[in-house]
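A.B. asks: Next come the chains, spelled out residue by residue.
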Amino acid sequence: MSALQISGLEHVYPDGHRALDGVDLEVREGERVAILGPNGAGKTTLMLHLAGLLTATAGTVSVGEVKVERKTLAEIRRRVGIVFQSPDDQLFMPTVADDVGFGPANLGLRGPELAARVAAALADVGLSDLADRPPHHLSVGQQRRAALAGVLAMRPDIVVCDEPSANLDPAARRDLAAILQATAPTLLLVTHDLPYALQLCERAVILDAGRVAADGPTAEILADTELLQRHRLELPFGFSLETALAAMRA
Amino acid sequence: MSPVDGLYRPGDSPVHRLRPQVKIVALVAFTCAIAATPREAVWAFGAYALLIAGLFALARVPLGWVLSRSLVESPFLVLALAFPFMVEGPAVHLGFLTVSEPGLWAGWNLLAKATLGVWAALVLAATTPIAGVLAGLSRLRCPEILLQITAFAIRYAHLTVAEVTQMRLARLARCDDPRFLWQAGALARSLGVVFIRSFERGERVWQAMAARGYTGRLPLDVGPAPAGALQWSAALAAPALAAGIAAWAAVFA
Numbered sequence: 001m002s003a004l005q006i007s008g009l010e011h012v013y014p015d016g017h018r019a020l021d022g023v024d025l026e027v028r029e030g031e032r033v034a035i036l037g038p039n040g041a042g043k044t045t046l047m048l049h050l051a052g053l054l055t056a057t058a059g060t061v062s063v064g065e066v067k068v069e070r071k072t073l074a075e076i077r078r079r080v081g082i083v084f085q086s087p088d089d090q091l092f093m094p095t096v097a098d099d100v101g102f103g104p105a106n107l108g109l110r111g112p113e114l115a116a117r118v119a120a121a122l123a124d125v126g127l128s129d130l131a132d133r134p135p136h137h138l139s140v141g142q143q144r145r146a147a148l149a150g151v152l153a154m155r156p157d158i159v160v161c162d163e164p165s166a167n168l169d170p171a172a173r174r175d176l177a178a179i180l181q182a183t184a185p186t187l188l189l190v191t192h193d194l195p196y197a198l199q200l201c202e203r204a205v206i207l208d209a210g211r212v213a214a215d216g217p218t219a220e221i222l223a224d225t226e227l228l229q230r231h232r233l234e235l236p237f238g239f240s241l242e243t244a245l246a247a248m249r250a
Numbered sequence: 001m002s003p004v005d006g007l008y009r010p011g012d013s014p015v016h017r018l019r020p021q022v023k024i025v026a027l028v029a030f031t032c033a034i035a036a037t038p039r040e041a042v043w044a045f046g047a048y049a050l051l052i053a054g055l056f057a058l059a060r061v062p063l064g065w066v067l068s069r070s071l072v073e074s075p076f077l078v079l080a081l082a083f084p085f086m087v088e089g090p091a092v093h094l095g096f097l098t099v100s101e102p103g104l105w106a107g108w109n110l111l112a113k114a115t116l117g118v119w120a121a122l123v124l125a126a127t128t129p130i131a132g133v134l135a136g137l138s139r140l141r142c143p144e145i146l147l148q149i150t151a152f153a154i155r156y157a158h159l160t161v162a163e164v165t166q167m168r169l170a171r172l173a174r175c176d177d178p179r180f181l182w183q184a185g186a187l188a189r190s191l192g193v194v195f196i197r198s199f200e201r202g203e204r205v206w207q208a209m210a211a212r213g214y215t216g217r218l219p220l221d222v223g224p225a226p227a228g229a230l231q232w233s234a235a236l237a238a239p240a241l242a243a244g245i246a247a248w249a250a251v252f253a
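Sequences listed follow chains A and B, in order.
full-length UniProt numbering numbers the first residue of the first sequence as 1 and each following residue consecutively.
full-length UniProt numbering numbers the first residue of the second sequence as 1 and each following residue consecutively.
Be careful, since some hints might not be right.
Where chain B lies over chain A, by a calculated footprint (3+ residues, C-beta under 8 Å) [what the hints assert, rightly or not]:
#1 30-40
#2 47-58
#3 73-81
#4 147-154
#5 223-229
Simulated from the structure, these hints should not be mistaken for lab results.
By construction, the Cβ of each residue, glycine as well, lies at the ideal position given by its N, Cα and C atoms.
Extracted from the complex, chain A is given alone in its bound form (with noise of 0.2 Å):
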């Protein structure tokens, strides 16, 4: 069954640039993907219009069997949970707890059902522990994670992270590698962190210049060099895909 179904999608910024030009995507229930580009591709863009945050210029969204349009946009951004990539745009309450609880209160939640959703979401990231403590005052791997949370606690269909990786150190990012393993059950991962794409995600897509330039299993993706080069993206100096792929399968 399939959980987002893009079609002919475009959007023109009012500036004139043409961000997205036509793409054409269909994710299936429970599958991870990562959407790859480099810088300026339309990545940013093609997520914001998931959760309807952006009006399109053409075609369409639709999460699961509901269109993205003015009236149903509270049902789809619970659907879609996004995790934007600065915490510091998304954590906004004065404590963790609270801001956690800021989606599910949206939706209606209130008492101890939202508290209920609240620790448990806290608890699927680890962070049970700092619930009472102002956001700003975590470490940036803590924040990712309270802002995973925060998305999380809605009990989201598609889990969207813009680049989750950036900015954390190796041990932090693996953990949150093992948190989205085992929290998001369709994963959209925005990235051009190609090693975090190949752990985390089974399918990759290339966005280049607001179109879908490639799309097939991440390990083909990477593998192919010269799509690679093409298109602005190049595996980390000293990466190689054979161990990784062997660490893999262990």
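Following the hints, complete the assembly by docking chain B onto the known chain A.
C.D. replies: Below, chain B without anything else, positioned relative to chain A:
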């Protein structure tokens, strides 16, 4: 300290534990009692000051903090000091100064009431986080639109300060001279940029909120639990005492 925290001093005193809504009502009642006290009843103002000092001690708020935060009333202080020289009336001699007696009383009235009012407000501010104050106001049925405006003003003030701080650090890192007036030029030039950056950041913040189902109404009533009779009676003890003093002073003065 970030503006998000405001004047709040984290703690676990009995004053901290009172629900925000009862503290707000107590503050209003206390301020009314102070305002209603006849200015000639000097002892009553002393009693109020003692009462507030007791509350500060209970909340473990240091004197230095109270004094530095009281600077906000300095414009009123200047006015209070000017009254004795500006108001007409029978003159009295203070050393080598000749001042007007009604002016002296008017100055005293302003000084005493403004200072006590500021201190009473500081008791609330020091023991209640801003979110708590908003939640308490929401509990007291303050109009939603005012709460929204206040909440956003605080949120965006924080963003703007963060932007200015970051830009200042970036200027310092490139050998800007941050002393006194020299930075005014750079600041003036960067004001436009600050505005645009805050605006764009505000937009990202809004997107992040909208993505989590925000439709124009902050769930501010999530936090505050209703206050029981014990909470109300504890919080209203100080204003009740003050009202008693005010009434006494008015009747027997």
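A.B. asks: Taking the earlier hints as the rules, which of them does this structure contradict?
C.D. replies: 1 and 5
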